[in-house]
Amino acid sequence: MNLLNRFETLFAWVTGVIAMAFLLFLMVGTSSDVASRFFLGNSIPGVFEMAELAMVVCVMFGLGWAQQGRKHIRVTLLVDRLPPRARAGLEAFAWIATAILLMLIAAPATQEAYHSTLDREFRWGVVRMPVWWVKIIVALGLWLASLQMLKCAVEALAGGGRMNTGRPTEQQDVPHA
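Per the working numbering, the sequence shown runs over residues 6 to 182.
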């Protein structure tokens, strides 16, 4: 499991850096486009189209990074009151259900990415923008997220329901105000 954790950390870091690079493009590109419209009266060709695709990359590659650090929003009001074994079972069930849902979405996304790649699909805007590579990222992101959810299910069962929720547990020292 240690090797798997290292791989997950590395992969989440790499995809997180890629997501941040696309986010940087969104910030700089959109700001430059707005400035160009204001000062020159014209937008920068292709920035709007690329911004659409960059948002998809940010979301799909940001998912793994957020999940690896357990940064997604979770409501644990009822689950926290359960005994550890019941909590572990419920958390494992939730992770498995999420993995199945992601796989059900990933399968047609993969088919769409395959056909889009064969056709070298693009969309017209101010410039002709290829979209096939983003569809590959969506499919890949969904498959990787489903694997990550399965790993979380195993961790929930192995850890007896002590998943890192971002809050201190009874065993940790909690500073008092």
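Since the hints were derived computationally from the structure, they do not count as laboratory data.
A quick note: this is a predicted structure, and the numbers were derived from the prediction, not measured.
Watch out, some of these pointers could steer you wrong.
Now the in silico label distances, taken between C-beta atoms and shown as ranges [stated by the list, open to error]: (1) VAL159 x ASN47: 48 to 56 Å; (2) VAL33 x PRO113: 39 to 47 Å; (3) ARG42 x GLY164: 50 to 58 Å; (4) THR122 x SER41: 30 to 38 Å; (5) THR14 x GLU126: 28 to 36 Å.
C-beta atoms are modelled at their ideal positions from N, C-alpha and C, and glycine is treated no differently.
To see whether the hints hold, each was checked on the structure:
no.: 1; hint: VAL159 x ASN47: 48 to 56 Å; verdict: holds, 54 Å
no.: 2; hint: VAL33 x PRO113: 39 to 47 Å; verdict: violated, 34 Å
no.: 3; hint: ARG42 x GLY164: 50 to 58 Å; verdict: holds, 53 Å
no.: 4; hint: THR122 x SER41: 30 to 38 Å; verdict: holds, 33 Å
no.: 5; hint: THR14 x GLU126: 28 to 36 Å; verdict: holds, 34 Å
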